[in-house]
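Chains A, B, C and D are the protein sequences, given in the same order. Heads up: the first sequence runs through residues 1 to 330, numbered per the UniProt record's numbering. Heads up: the second sequence runs through residues 1 to 330, numbered per the UniProt record's numbering. Heads up: the third sequence runs through residues 1 to 187, numbered per the UniProt record's numbering. Heads up: the fourth sequence runs through residues 1 to 187, numbered per the UniProt record's numbering.
I should point out that these hints are in silico values taken from the structure, not numbers from a laboratory. Here the structure is a predicted model, which means the values were calculated and not measured. Just so you know, even glycine gets a beta-carbon here, dropped at the ideal spot from N, CA and C. A hint or two may mislead.
Coverage of chain A stretches by chain C, computed from C-beta distances (three or more under 8 Å per stretch; other residues unrestricted) [said to hold, decoys possible]: (1) 81-87; (2) 101-111; (3) 217-226.
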Amino acid sequence: MKKIINDPKNVVDEMVQGLVRSYPEYLERIPETGVVYRHDLKNIQGQVGIVSGGGSGHEPTHAGFVGDGMLSAAVCGEVFTSPTPDQIFEAIKKVDSGAGVFLVIKNYSGDVMNFEMAQDMAEMEDIKVKSIVVDDDIAVENSTYTQGRRGVAGTIFMHKVLGAAAAKGANLDELEQLAQKVLPNIKTIAVALSGATVPEVGKPGFTLGEDEIEYGVGIHGEPGYRREKLQPSKALVEELVGKLNQEFKFEKGDQVAVLVNGMGATPLMEQYIFMNDVLNKLADLGLEVKFTKVGSLMTSLEMAGISLTLFKVSDEIVENLNYATDTIAW
Amino acid sequence: MKKIINDPKNVVDEMVQGLVRSYPEYLERIPETGVVYRHDLKNIQGQVGIVSGGGSGHEPTHAGFVGDGMLSAAVCGEVFTSPTPDQIFEAIKKVDSGAGVFLVIKNYSGDVMNFEMAQDMAEMEDIKVKSIVVDDDIAVENSTYTQGRRGVAGTIFMHKVLGAAAAKGANLDELEQLAQKVLPNIKTIAVALSGATVPEVGKPGFTLGEDEIEYGVGIHGEPGYRREKLQPSKALVEELVGKLNQEFKFEKGDQVAVLVNGMGATPLMEQYIFMNDVLNKLADLGLEVKFTKVGSLMTSLEMAGISLTLFKVSDEIVENLNYATDTIAW
Amino acid sequence: MLDVENVKSWMTKFNEQIQAHHDYLSELDTPIGDGDHGNNMARGMNAVMEAIADKDFTDVPAIFKTIAMSLISKVGGASGPLYGTAFMEMAKVGDGEVSALLPAALAGIKKRGKAETGEKTMVDVWAPIAEKTDFTADDVDKAVEATKDMIATKGRASYVGERSVGHIDPGAMSSGYLLKALLEVEE
Amino acid sequence: MLDVENVKSWMTKFNEQIQAHHDYLSELDTPIGDGDHGNNMARGMNAVMEAIADKDFTDVPAIFKTIAMSLISKVGGASGPLYGTAFMEMAKVGDGEVSALLPAALAGIKKRGKAETGEKTMVDVWAPIAEKTDFTADDVDKAVEATKDMIATKGRASYVGERSVGHIDPGAMSSGYLLKALLEVEE
Ligand SMILES: Nc1ncnc2c1ncn2[C@@H]1O[C@H](COP(=O)(O)OP(=O)(O)O)[C@@H](O)[C@H]1O
Ligand SMILES: Nc1ncnc2c1ncn2[C@@H]1O[C@H](COP(=O)(O)OP(=O)(O)O)[C@@H](O)[C@H]1O
Ligand SMILES: [Mg+2]
Ligand SMILES: [Mg+2]
Ligand SMILES: [Mg+2]
Ligand SMILES: [Mg+2]
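Please take these sequences and the hints and turn them into a complete structure.
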């Protein structure tokens, strides 16, 4: 394991320290916790607070999206491990200014359970809390009998859309309706070129051969649905857009937002090349691209690879995506 | 070589296409060139244009810094290869609105020669051009008889400071004075955990053992000054801040801006941990940190590692660093 | 009937197993999960041992509550709320009657995880054991082993679907350690 | 005295060498540079060959100018301006007199690169050859080889300082190909 760290046990604490000290104009930390919140909370008195979080190792998610027009607070768990209810509860208390708090949760049993417990705690103290569980990763089979799909990079679109709505003054019920409306329209799929190593584990979650890739991996080293030889970018795009289209069943003229997300070690050069191929393919399908974003935003430590999120949007949603935002990472 | 690309010969062209198509609200491209310029050039009529550029493979540099408050245009050369004079000249013509054009050049013989030739071409067409050659990498011995030091991540501070000054209305001479004033105050040093592979070359510029690091590498696979076993972040900070301090000979109370820059494959988690250790060390030295920035901004393809830039600043310079900016990557 | 000292030694023995099998639990969690179950449990049990060491508890529910809070606030992931809830529900039983504790813990886990038996989770170890009036180490081992052939439909292992077959569930394994540690205390 | 056809066949032979030694030139550029000299020259010479193929040039300066422009606008890096300037200066000579062409090229390179002999660059091949009234392939090889023992003080190789010793300079090698290709045309 080759990482710029000190004690593997302390990576999250030291990371949060470094983050908050680097960006005091954006973030403050609740002492002794992994909770970071907007430095200027007083400016959003009366608005619904938006809290997200999850395991660490996905930086800049979630803390990088705390700020004007997006999240009010983020809860940083251990690496790839859901944060605990007490910390989520601290975040909820911090950002509630009477209008209630909306939680954005990625669909992992751990995250769902810990956020649920925090929600119970908050409700016992009469804080109104609602939530959405994002499950955008289509690599996983869906079924009501199973855990369902994972929450991955599409969660960032959820943060953006809800953050804009909250900033415009939406109340808790309106945020819930909006979240539920957009949820089925956000879908993601990934391809990995290498695995990632959790510092405390010391070896990669999976390894790939010199010329091997894996389709459908998650953001915590979860294996995907198929391994094959390395393909040109255009071929990757065929596979990933193909899978997404099977789900969306797009029609000519449908409007989409596109997020090409680097998984950590993949340079922007490759991400832009990939995006270029994606845009060509979406044009072939007759889709209208209304919004685009490229960058390593929902990472998986130093995993190499890319995920592609498509988000079927209305003009109203595009407005939220373009709404003024001031965060470290958006 | 495991990369998400198509033909290695076309990486730069496809990248620039992907970039411009992803961010039409920021960038336009001069057709058939690697030149991208501000979409809203008309808004800066009468201001000095600022042009930078160099080999590609350092994304988001330079194109990611084109926008309000920073660069007017960027010229993307082949991977790790200076752009040609004709393209630089096109960029100069595009952004000149009578007040002249200022060039920010990184100190490589190729870059210096190509930009110089472009400057000659521009002057033949009566465009006023001035320039600065950034040479912030202290890993290289300095001497008036040699090529001198390389331009690396500190160049971004130069972009920011000059961009702010130009936006505030500084003329060409004032920009030149400012550039020369800040130049000796910007110094950088890097450490690599792995090498990078130029797509057309197909193998890494250097390779390091499983537990080896190299101090003082450049951003094009140039070797550094020492190899040793992997060290904890704190020890890396000792070495790098130590070297910088030897150059600066800091005194208690000196004010600095800090840039922790990921070289490509190094995740933000490690960058924040490293920054945390840097800030501790700078506090020990009695320095006053006035500005901090963390991110993979001046990369070297998929190289793993980090560079540390310290910039000795006055309050006036801090103001420029904090000046409102709207670009893809700042 | 467990008393406070019994519970302390139960936790001591459980902690020994967790620390000894730290890497093994993470390894089980690698092919079908995210490789952190050993870390999660080791971190949690360190916190538990710290919280109960040199501390006097008035009764069994009090120590169960402390254990629950330590697990809930230190483990995170899926196993934190599940084990935390298990001990919280055991605290609600009011005394140390094992035949009541285990069904209470099981009910808590099932409710928290929305899981049934046969889904390849820790429920598949707790359920057969909690239903027995008496159980042996062998019963526990068999229940743990039985998760190997199951297809996961809850937790992270569900993402790999049929490819989860052939791997023991890590939460089942750690639950097995817990239940066997209890046996040793009861003996 | 070179005529337009001579120059075309000079470029054809030079291009053959560049394409054949594409990888080798990049390899030379790896330990002491950035590994792209082969790519840069191959890209440039492809452009040169395209620009001069099937085209009629009125005189030698005209074809030199076209070659210069192709190199300047296609190579980039350090070698683009250097080779471009060399051909531009040769165009200014006005005819194909080799004894005048090479010194003109040398002067252009030195001025553009602000380099002197002994700095481990292509100047160390151009200088000894341009100074001779007659030169042989052996002279060229020796000059190229001599860069091996030099310490680089210009170009990227200067960053590795003393560690540049033991490596032939890539630009010296490509310049060697160019000068030996000229010999073949003159014969
Ligand atoms: N919904 C659930 N119901 C019951 N047990 C579950 C559920 N989800 C996960 N588990 C248990 O939790 C274990 C994983 O714990 P752990 O690895 O610590 O958390 P995470 O999955 O968040 O990384 C699984 O092996 C399984 O036994
Ligand atoms: N200042 C200079 N003067 C003369 N020749 C130089 C100078 N800088 C570099 N060179 C030559 O250019 C060669 C490198 O060319 P190339 O690799 O194509 O460009 P770059 O160094 O920009 O990657 C060197 O081997 C050397 O011969
Ligand atoms: Mg986990
Ligand atoms: Mg180069
Ligand atoms: Mg796990
Ligand atoms: Mg080179």
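Hint check results:
no.: 1; hint: 81-87; verdict: holds (count 7)
no.: 2; hint: 101-111; verdict: holds (count 3)
no.: 3; hint: 217-226; verdict: holds (count 5)
In this structure, none of the earlier numbered hints is contradicted; all agree with it.
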